[in-house]
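Enquirer: Here is how the chains run, residue by residue.
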Amino acid sequence: MIDDRQRVTGQISYVQDLALPSMLIGKILRSPYPHARLLRIETRAAEALRGVAAVLTRNDLLNSPHIDPIYGPQIKDQPVLALDRVRFVGEPVAAVAAEDAETAALALQSIEVDYEELPAVFDPVRAAEEKAPHVHEILHQVRLGTSAYFGLRPVAGTNICHHYRLRQGDLEEGFARADLVVEATFRTPAAQHVAMEPHAVLAAFQEGGKLLVYSPTQSPFNLRDLLAEMFHLPPDRVQVLVPTLGGSYGCKLFPRVEPIAAALAWQAGRPVKIVLDRPEEFVTLNRHPAVITIRLGVTHAGSILAKKVTAYWDTGAYADCGPGVAQKGGFSSVGPYRIPHVQVDSYCVYTNLPPNGAYRGYAVTQVAWASEAMMDEAALALGLDPLEFRLKNILRDGDQFATGEILRDVHFEECLKTAARQIDWQGTGFERTATAEGRLRGKGLSVILKGMTTPSRSEALIEIDEEGVVTLHTASVEIGQGVRTALSQIAALFLGLPYASIRVPDVDTSLTPFDTRTSSSRSTDIMGRAVGLAAQDLRRQLLEIAAPRLKASPQDLTLAGGLIHVVEAPARRLSLQEVVRQAGRGTLKGRGEFANTGGLDPETGRGIASSYWHQSAAGVEVEVDPETGQVWIVGCHAAVNAGRVVNRIAAELQTEGCIVMGLGSALFEEVCFDAGQVINPNLSDYMIPSFLDIPPKLGFTLLEQPGAHPHGLGETALPVIPAAVGNAVADAMGVRIRDLPITPEKVLRALKAPPTGEAGAEEEEP
Amino acid sequence: MIDIRYLEPTRLEEALEILAHYGEEAHALAGGTFLALLLKNSLIAPRALVSLHRIPGLKTVAEQPGEGLRLGAMVTHREVEKNPLIRLRYPLLSQTYAQVANVRIRNQATVGGGLVDADYASDPTASLSALGARVHTWGLQGERLIPVQEFVTGHYETVLQPGELVTEVLIPPLPTQARSLYLKFRSRSSEDRPCASVAAVVALDGEGRCRDLRVVVGAVADRPQMQDELAEAVQGQRLTPELIREIAGEYAGKIRPISDLRGSAWYRERLIEVLVRRALTALVAPTASVSHGPQGEGTCE
Chain A
1318 MIDDRQRVTG QISYVQDLAL PSMLIGKILR SPYPHARLLR IETRAAEALR
1368 GVAAVLTRND LLNSPHIDPI YGPQIKDQPV LALDRVRFVG EPVAAVAAED
1418 AETAALALQS IEVDYEELPA VFDPVRAAEE KAPHVHEILH QVRLGTSAYF
1468 GLRPVAGTNI CHHYRLRQGD LEEGFARADL VVEATFRTPA AQHVAMEPHA
1518 VLAAFQEGGK LLVYSPTQSP FNLRDLLAEM FHLPPDRVQV LVPTLGGSYG
1568 CKLFPRVEPI AAALAWQAGR PVKIVLDRPE EFVTLNRHPA VITIRLGVTH
1618 AGSILAKKVT AYWDTGAYAD CGPGVAQKGG FSSVGPYRIP HVQVDSYCVY
1668 TNLPPNGAYR GYAVTQVAWA SEAMMDEAAL ALGLDPLEFR LKNILRDGDQ
1718 FATGEILRDV HFEECLKTAA RQIDWQGTGF ERTATAEGRL RGKGLSVILK
1768 GMTTPSRSEA LIEIDEEGVV TLHTASVEIG QGVRTALSQI AALFLGLPYA
1818 SIRVPDVDTS LTPFDTRTSS SRSTDIMGRA VGLAAQDLRR QLLEIAAPRL
1868 KASPQDLTLA GGLIHVVEAP ARRLSLQEVV RQAGRGTLKG RGEFANTGGL
1918 DPETGRGIAS SYWHQSAAGV EVEVDPETGQ VWIVGCHAAV NAGRVVNRIA
1968 AELQTEGCIV MGLGSALFEE VCFDAGQVIN PNLSDYMIPS FLDIPPKLGF
2018 TLLEQPGAHP HGLGETALPV IPAAVGNAVA DAMGVRIRDL PITPEKVLRA
2068 LKAPPTGEAG AEEEEP
Chain B
8 MIDIRYLEPT RLEEALEILA HYGEEAHALA GGTFLALLLK NSLIAPRALV
58 SLHRIPGLKT VAEQPGEGLR LGAMVTHREV EKNPLIRLRY PLLSQTYAQV
108 ANVRIRNQAT VGGGLVDADY ASDPTASLSA LGARVHTWGL QGERLIPVQE
158 FVTGHYETVL QPGELVTEVL IPPLPTQARS LYLKFRSRSS EDRPCASVAA
208 VVALDGEGRC RDLRVVVGAV ADRPQMQDEL AEAVQGQRLT PELIREIAGE
258 YAGKIRPISD LRGSAWYRER LIEVLVRRAL TALVAPTASV SHGPQGEGTC
308 E
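Heads up: the protein sequence lines correspond to chains A and B, in order. Residues 1318 to 2083 in the working numbering are what the first sequence spells out, letter by letter. Residues 8 to 308 in the working numbering are what the second sequence spells out, letter by letter.
Warning: the hint list may mix true and false statements.
To be verified - One-sided and incomplete, this derived list gives chain B residues near chain A with beta-carbon spacing under 10 Å:
{"hint": "1", "residue": "193"}
{"hint": "2", "residue": "194"}
{"hint": "3", "residue": "195"}
{"hint": "4", "residue": "198"}
{"hint": "5", "residue": "202"}
{"hint": "6", "residue": "277"}
{"hint": "7", "residue": "284"}
To be verified - Chain A side only, calculated, beta carbon under 7 Å to chain B, not exhaustive:
{"hint": "8", "residue": "1875"}
{"hint": "9", "residue": "1944"}
{"hint": "10", "residue": "1945"}
{"hint": "11", "residue": "1985"}
{"hint": "12", "residue": "2007"}
{"hint": "13", "residue": "2009"}
{"hint": "14", "residue": "2010"}
{"hint": "15", "residue": "2011"}
{"hint": "16", "residue": "2061"}
{"hint": "17", "residue": "2062"}
No lab work stands behind these hints: they were computed from the structure. Keep in mind that this is a model prediction, so the values were computed, not measured. For glycine and all other residues, C-beta sits at the position ideal for the given N, C-alpha and C.
Let's have the full structure, built from the sequences with the hints guiding it.
Expert: Here is the structure:
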């Protein structure tokens, strides 16, 4: 990786390390109530404190013609600071900018706030009911945010802010023709991303009213446009700079703290930096809790005829990208199978929990947990091998998906067979005898498809100056995933340079060309294509300039080792620097742009959901202690379609990271609440996997095809893991856990419970 | 401005005087793994932190004939885990301290600090109780020797008075041919505190009858749980599988466990039965790999 040395020697400056002259430190006062009317805020004592430069409350926001106090990436629903009421425990109510952190903290303590409590709702299914307390009063007047790329269907008079529908075939007919129908409900809790770097932002208003923001955001241009809208500025008056991120996993996809820092900087007239602490991370953005019911109709021979999915996504008090999660979760819940009759209703629901948003795997972890469990339950009911049952229905190249799109570059079967082979899958012939210690043994499989943001667009610019220095300008942000290295490698391929010699500066929206965002494992693919085109453009210019000087035509020339030479006569050559200088046009620029196209009909949910589908499968072998319920992951293998690997080390680390993160979600990760308050907002009480939790056998396969295009790998191996672990545990125990995580206590309770709670299987009349 | 004075006394008396001067506004600082959490979360706001690092004699590891082991309050978990003398003579201790959190914590956290924190889910307190350890404290009023079971009085509460310091822990010698075992059950990550744990010491006579039995269950209530009467009742009996099952059942039936994020009371009750049974079964097995004692070969896994 091009920045590995700086990374491990602590040379990288993250946003929290930055400072500007006369910078203040900002801190946030948060609501102790999940739902309450905001009566009185008294800030005089805080303002009078020495060292306090600004105290910001709703009064400053509501009384200013310069600020639109409501923002949101997909729905404009979140106030910068609470206006009339608070909607979750931890909601920002006031903010202080002071000379130092201690003074700011002291000032927060002297702010008095009076609340009047309101009824709250914490469960997405309950919240979707008409009689539930309303988290937002006016839902039918949805104001779209700058990142809404699909039509929203809110349900008036409820907490449902988006209802994604997918309809294919005739569901009634499908179930009527089925020999067997199985149905069950599955739950996934909130999880925390636990990026090593917390949310941090440094904002400053400069001479002439220009807003400068340093942020570890995954969406520099969304952030720029959102802040421009908020402060009624033209987008070019907002400059967003993105240093390397210290991890994100989705928690920094959309603006969270930036609006507060910018408003404080505006109020104080000085730069303001805010760095959240760990407990604040737990009330800033989590993974969507989900409740998903699957009804599956199958024939005795093992064909899936009908699938009905009802999914509730708890987006918390503010939508963030919840509508997108419900939408992607909606179509992904069909799974990589040919199913003639499909009905999906996926609801994004407001509750009085902290906002939930993007989390590595983006909704597919939740839907795979439900769907892939139902595949096993149906196979069990039919007496079929789960692998054979999956392969009988799996999507193959040229098949039509439930959205109507024809799938190409399809490798689900290969992924699944590889994962099965790697854990020595023997199907129904697997010997389930207990181990010497009395542990039960089981194996499980899962396979998923995952969409990539469609439509989206990436631009790249590659420059070579008169010193021969090559610079790649790309708005793909470095999160630690190695995107700069991968993109440098793609550029280097066309320019005949060592990739490490290419400079890749930090993103600066005033200089760097546009990109939709760094998300959905799209950068190596979509930005990679744009970078490839830009490199080819620059290469063409260089060869055209060199050709007359080398007395050859451009097609007789090649680039290698920083030189252009005649293919047939390598001695006839020019350095790139000489070529640029001799052209006399200053810095040469190559440009590239790539967009993927598509979109879904808001009524039927059909169309092009994704220009490419991420594909993976996992096989997991477990041992279960029947006396304590403890689960040991004995072996775990993920197979991922990579197309073509650009940087092997980064690709492997991404995949390993996905697996380990998936094991955390499978076995113990859960943000716990008591009446809306997070009760484990720190790393003593919220567990993530450590090195000792990594199973003895952990493997992966990156499937490649000759001539294939590189595919992103940032998330693909994660969503299969909890589902495969769940299937393996169910295989070992003969009973199924339907609520993540699979804690030892849940396992023991399931083992001790009378044998009810099985999927409701109904034999249909033939 | 928040202003904490950081003091580094070089003598115990000096430390005690400083603590007496500040009263409840000073906190002694040992490894700091727990104190730093309290400070960061504003659960304490001391005016002074009194570091014990420069006070001589607090890092002692020594065994005196007939008296047992003296473990200085500032000895780190990692030292207990690795020290050859402790590994050979008090393997229950090295086995227990080796399972606390992760190596970074163990390099920092201290024996005395862990006791004073009195976290109900601490690993070492159960094993120290099983070994009959006593806590040696000093204050300006003088010294005290307090059995570990009496030292911890509740959730994060001990009998330590303001101004008093733990200077060492005294662990009596194990009965001859005693075997001991610490079983830790984690319900979440490998770095988690126990959901339940069992520290057990068993000594059998030449006929295989029970001479001494100590079973302490940790992390299931506000302090380590032991059933002394039960242990006395089985004196002189063979620890047959049936008797072990009975003992385990008694422990599970008598302890009223708490519920927390690591497990419910229902679950802990079942864990207690399983862990006590497994610990005793392992300890009486003829080829127990956990076998050790003063005369034993001191193998630990």
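Enquirer: Does the nearest C-beta of chain A fall within a distance shorter than 10 Å of the C-beta of residue 193/B?
Expert: 9 Å, holds
Enquirer: Does residue 277/B pass the interface hint, meaning its C-beta sits closer than 10 Å to a C-beta of chain A?
Expert: OK, holds: residue 277/B within 10 Å of chain A, min 6 Å.
Enquirer: Next item in the hint list is residue 1945/A. Is there a CB on chain B closer than 7 Å to its CB?
Expert: At 6 Å from the nearest chain B Cβ, residue 1945/A passes the 7 Å test, so the hint holds.
Enquirer: Given residue 194/B was flagged as interface, is its beta-carbon under 10 Å from a beta-carbon of chain A?
Expert: 5 Å, holds
Enquirer: Tell me if the interface restraint on residue 2009/A is satisfied: Cβ within less than 7 Å of some Cβ in chain B.
Expert: Because about 4 Å separates residue 2009/A from the closest Cβ in chain B, which is inside the 7 Å limit, the hint holds.
Enquirer: Against chain A, is residue 202/B within 10 Å by beta-carbon distance?
Expert: 8 Å, holds
Enquirer: Does residue 2061/A pass the interface check with chain B, least Cβ-Cβ distance below 7 Å?
Expert: At 5 Å from the nearest chain B Cβ, residue 2061/A passes the 7 Å test, so the hint holds.
Enquirer: Under the criterion of a CB-CB separation shorter than 7 Å, is residue 1944/A in contact with chain B as hinted?
Expert: 5 Å, holds
Enquirer: Does residue 1985/A pass the interface hint, meaning its C-beta sits closer than 7 Å to a C-beta of chain B?
Expert: 4 Å, holds
Enquirer: Verify the interface restraint on residue 195/B: the C-beta must sit less than 10 Å from at least one C-beta of chain A.
Expert: 4 Å, holds
Enquirer: Holds or violated: is there a CB of chain B closer than 7 Å to the CB of residue 2007/A?
Expert: Because about 5 Å separates residue 2007/A from the closest Cβ in chain B, which is inside the 7 Å limit, the hint holds.
Enquirer: Identify whether the interface hint at residue 198/B stands, where standing means a beta carbon of chain A within less than 10 Å of its own.
Expert: Interface hint status for residue 198/B: holds (5 Å vs cutoff 10 Å).
In terms of the numbered hints stated before, the structure departs from hints 8, 15, listed from lowest to highest.
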